[in-house]
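The whole structure should be built from the sequences, with the hints applied where relevant.
There are 2 protein chains.
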Amino acid sequence: MSAERLIYLPLGGAGEIGMNAYVYGYGPEGAERLIVVDLGVTFPDMDGTPGVDLILPDVSWLDERRDRIEAIFITHAHEDHVGAVGHLYGRLGAPVYARPFTAWHARRKLGDYGIGPEAVTVVWAWPEMVEAGPFKVGFLPVSHSVPESAGLVIDSPRGRVIHTGDFKIDHDPVVGEPFDKALWAEAAAPGVAALVCDSTNVFSPHPGRSEASLAEPIARLMDEAEGMVVATTFASNVARLKTLAEAAERVGRSVCLLGRAMRRMIEAGVETGILTDFPKVVSPEEAADIPRQNLMLLVTGSQGERRAASAQLAQGKYMGLELKAGDTFLFSSKTIPGNERGVIRIMNQLSEKGVDVIDDSSGAYHVSGHANHPDLETMHGLIAPDAVIPMHGEHRHLREHVKLAEAHGRAGVLAVNGTMIELGPDGPRVAEYVETGRLYLDGSVQIGALDGIVRDRIRMALNGHVTVTLILDEEGEPLGEPWCETMGLAEMGVSKTALVEVLEADLGQFVGRADAKTLADDDRLEKELRSIVRRTAQAEIGKKPEVTVVVSRLA
Amino acid sequence: MSAERLIYLPLGGAGEIGMNAYVYGYGPEGAERLIVVDLGVTFPDMDGTPGVDLILPDVSWLDERRDRIEAIFITHAHEDHVGAVGHLYGRLGAPVYARPFTAWHARRKLGDYGIGPEAVTVVWAWPEMVEAGPFKVGFLPVSHSVPESAGLVIDSPRGRVIHTGDFKIDHDPVVGEPFDKALWAEAAAPGVAALVCDSTNVFSPHPGRSEASLAEPIARLMDEAEGMVVATTFASNVARLKTLAEAAERVGRSVCLLGRAMRRMIEAGVETGILTDFPKVVSPEEAADIPRQNLMLLVTGSQGERRAASAQLAQGKYMGLELKAGDTFLFSSKTIPGNERGVIRIMNQLSEKGVDVIDDSSGAYHVSGHANHPDLETMHGLIAPDAVIPMHGEHRHLREHVKLAEAHGRAGVLAVNGTMIELGPDGPRVAEYVETGRLYLDGSVQIGALDGIVRDRIRMALNGHVTVTLILDEEGEPLGEPWCETMGLAEMGVSKTALVEVLEADLGQFVGRADAKTLADDDRLEKELRSIVRRTAQAEIGKKPEVTVVVSRLA
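These protein sequences, in sequence, are chains A and B.
Start counting the first sequence at 1; every next residue gets the next number (my numbering).
Start counting the second sequence at 1; every next residue gets the next number (my numbering).
Think of the hints as simulated: they come from the structure by calculation, not from any bench.
Be aware that one or more of the hints could be misleading.
Taking CB as the label site, the calculated pair distances span [unchecked claim]:
| # | chain 1 | residue 1 | chain 2 | residue 2 | range |
| --- | --- | --- | --- | --- | --- |
| 1 | A | PRO291 | B | PRO28 | 47 to 53 Å |
| 2 | B | PRO374 | A | GLY159 | 54 to 60 Å |
| 3 | A | GLY90 | B | ARG341 | 50 to 56 Å |
| 4 | B | LYS496 | A | GLY273 | 42 to 48 Å |
| 5 | A | ARG429 | B | VAL494 | 40 to 46 Å |
| 6 | B | SER283 | A | ALA505 | 45 to 51 Å |
| 7 | A | ASP47 | B | GLY326 | 28 to 34 Å |
| 8 | B | VAL500 | A | GLU128 | 50 to 56 Å |
| 9 | B | PHE510 | A | ALA505 | 29 to 35 Å |
| 10 | B | GLY448 | A | ARG535 | 23 to 29 Å |
| 11 | A | GLY159 | B | GLY326 | 33 to 39 Å |
Glycine included, C-beta positions come from ideal geometry on N, C-alpha and C.
Structure representation (structure tokens):
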């Protein structure tokens, strides 16, 4: 019982893409010292989370063990890895470690909560190691689609784990370190108990392509385009920004950045020394005076976000700049599933302006930041771990990734959020299931995904809303008729009388006939009034609205 | 002015994919006799149309000219072409013409509104022609993904128009007529003023593949699968149903149909004589007793629809049948943009059950029903029209299709919904812009897209809702404090007091200080109370809710 053990527990990111939050622990069962790897967010949508601003992992399990948390390690600066640091730091309170570019972002996010930069310690690449209780953790540089991404070497008395973080195998990533096979082999040399590995692209059958392969096609496109070129990509893909900007410069186009995230990323790149030779950029005001064929706008909003620069430009003038027939708009990006409608909306708006739209369908203008199926095989082979634990994927990705491991004779462990794995001397085993979940940042407060608040909003969106008010006098007798107000409902139904009037007539009839006992019982009254509204609305307009009943009793 | 003219006017389907409704007219300007081609629906989504059941074209323009409508022609039985016939027939009232399979569906839809089968006249293929005022209209059989699809030959004193309907060029479509090049050439021989042409797949660069090419790969997959096979596709794709069922039969699997739409389509196929040799099917009860390796379920829900058989099977038992590890689930379908989330949800649920999921990514198990770029070139060449008018596409598709026509030296006309084109002796020209729009079938009533009803529902989903009630006595003095009820909002905000209490305190303070003039003015009172709620909620929880204010005055 009291033997020390090494555990792995995903609280987010395993069984979904987004909201990464992984825990490792070492020590006696129930008293393990803990480290956290990544604290990311995922993004809401109208289908399931209308009105929600951000989705965070529920860290209650960690919160309850707060005194046992040694440190928080952030692998890279993507929102799904660093985005929740500010929102959740107050509940965890452990020191944060990251490489400089990532630390820059983590500090910004903590700063929004008034937490000073000293909360984040900048670390250098492996073989430097951070001591965190029983753990020693090193940051192994790896290629991905944001600068200074890292895998983690996690050493414990029970052996070494390698946590890949998000990665691809790119020998020429344009910005940052190429994938260093020798370095990773060296890290793996002492033997690795488990490789906890990115699964995003496990269904992509061909080897991943290098960021560097884009430079030529992009430059050609910009050269051949006759009018202005607008290019969009994820702002955090600093290498892509550089590729796009350099291509523009090569063909005699000035570069103008639009969108706050775009400018902030360049700022972060320059401040942290990642970007030393980014082409000179011009302001939107300067851009307005440059001939269209000599201009390239680099803009935010590759996922069709309504308020980003791409959407604004597609609709009309933005920062004094306007697209015209003959201009070219390049999506140097992939549309994330779920974002299709927004992206297509922009494409059609651009089409209406006579702008030619080019997307990633040819493969020439975008490469993924994640390891494809053959690249995962390379990684497994390089590390030769005792077991592979897929992470960063939906269930189908994790399952396919386990199959891949097993196809090469390795143990594969399918561990979704909440599955605590003990990495014992005889291999991995499920030790426990822990309750996990989601928190919503909703306006300025955090609410639980299961609180029913968002469920009520969805119901109002689907069913509309009716307010019923009834006033009872000092004797408990109705004072006038019940009163209705509707929101989000048709004004008239099948009886060709205003819905509100039909509702009030039916409610009035009920109240008129109700006996003193019913009228004295708030709960019953409320229940009956609600049920009449729903029944009548169903008959009139075919919908059962949400109902708020207010019964006022004069004292 | 009074010269007779030929006009084309899309009211739906041009500038969008879905909700097809096209008008042709011939006669003196403003007194043209009209025919309608297709009356389709489009489907709502949570993003823009929560709670809406169906989206229909706004046919006000036609309604106002009801006495001039000669006939309604339906090209094929897809919902985006025939789906609104029942909902809109009452406003148009003209005879409906369709080929037998399509007529079967149109009659069902009219029957839902109590309209008898005589409203629909069954027609036979071209060269049979229907006389409709100054028009003669023939149904040219064409291959698509539903039986008995037709293009229309539309003759008027001003010449011939060919309206392709939805089509692909398939010489072996499994069910129904192969594409008959000679027939189409014959129809085009007298000269064609305009080809009004499907644009859906204009961005697909390779020639379309035949439905028949799927038989082998599908049979192989079913042969190699070890457990049960479940296949889903659009129910209306009767050819695909046949291919799937025959493949199952060939490898010794019994076929069981799940989902009402699936059974209805087979019924329609059999009743109209389209399907003469569909394999024998077993009931779900019988299926439960058949060994898994000898069973194939053919199910609805290829687009991830929540209530369809696919979704039910992914979640658990359905009709006594349950999927298990080792079973195979085949999406013999393409995911329509916007439906990705629902489809992916099912894929992950299946993954959790250990079911292997196969989708269309290999290309072996699905072909499109629409003509690709090279096929459109073939069609243009075959018909050699004076002008090409792209339809059935978003703006980007129409624009690309115009470019394609122009690249071959033909006139191309970009006409989105509401653009009335006159097909004159000197070629097509824009005659007028007509207001068009959308109607929502919302429960049992039709509401206008711009009525603000759905906008209010979206706002409640994003912002939550607060009800405020205030009672004033006979003297206009507040009787007690204002009362608040919230829906879809966090219960507690930054001040760590219940939101409702903070709201009521702020409202009470205002009411307590309000002068007699303010208290006497319902509008002002309502405005002030609403604004206090929004301000306080913003401060407390960072959201500005929708507010219903009920001020009751005791008489």
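Tested hints:
{"no.": "1", "hint": "A/PRO291 / B/PRO28: 47 to 53 Å", "verdict": "holds, 50 Å"}
{"no.": "2", "hint": "B/PRO374 / A/GLY159: 54 to 60 Å", "verdict": "holds, 59 Å"}
{"no.": "3", "hint": "A/GLY90 / B/ARG341: 50 to 56 Å", "verdict": "violated, 32 Å"}
{"no.": "4", "hint": "B/LYS496 / A/GLY273: 42 to 48 Å", "verdict": "holds, 44 Å"}
{"no.": "5", "hint": "A/ARG429 / B/VAL494: 40 to 46 Å", "verdict": "holds, 45 Å"}
{"no.": "6", "hint": "B/SER283 / A/ALA505: 45 to 51 Å", "verdict": "holds, 48 Å"}
{"no.": "7", "hint": "A/ASP47 / B/GLY326: 28 to 34 Å", "verdict": "holds, 32 Å"}
{"no.": "8", "hint": "B/VAL500 / A/GLU128: 50 to 56 Å", "verdict": "holds, 53 Å"}
{"no.": "9", "hint": "B/PHE510 / A/ALA505: 29 to 35 Å", "verdict": "holds, 34 Å"}
{"no.": "10", "hint": "B/GLY448 / A/ARG535: 23 to 29 Å", "verdict": "holds, 26 Å"}
{"no.": "11", "hint": "A/GLY159 / B/GLY326: 33 to 39 Å", "verdict": "holds, 35 Å"}
Going down the numbered hints, you'll see the structure goes against just number 3.
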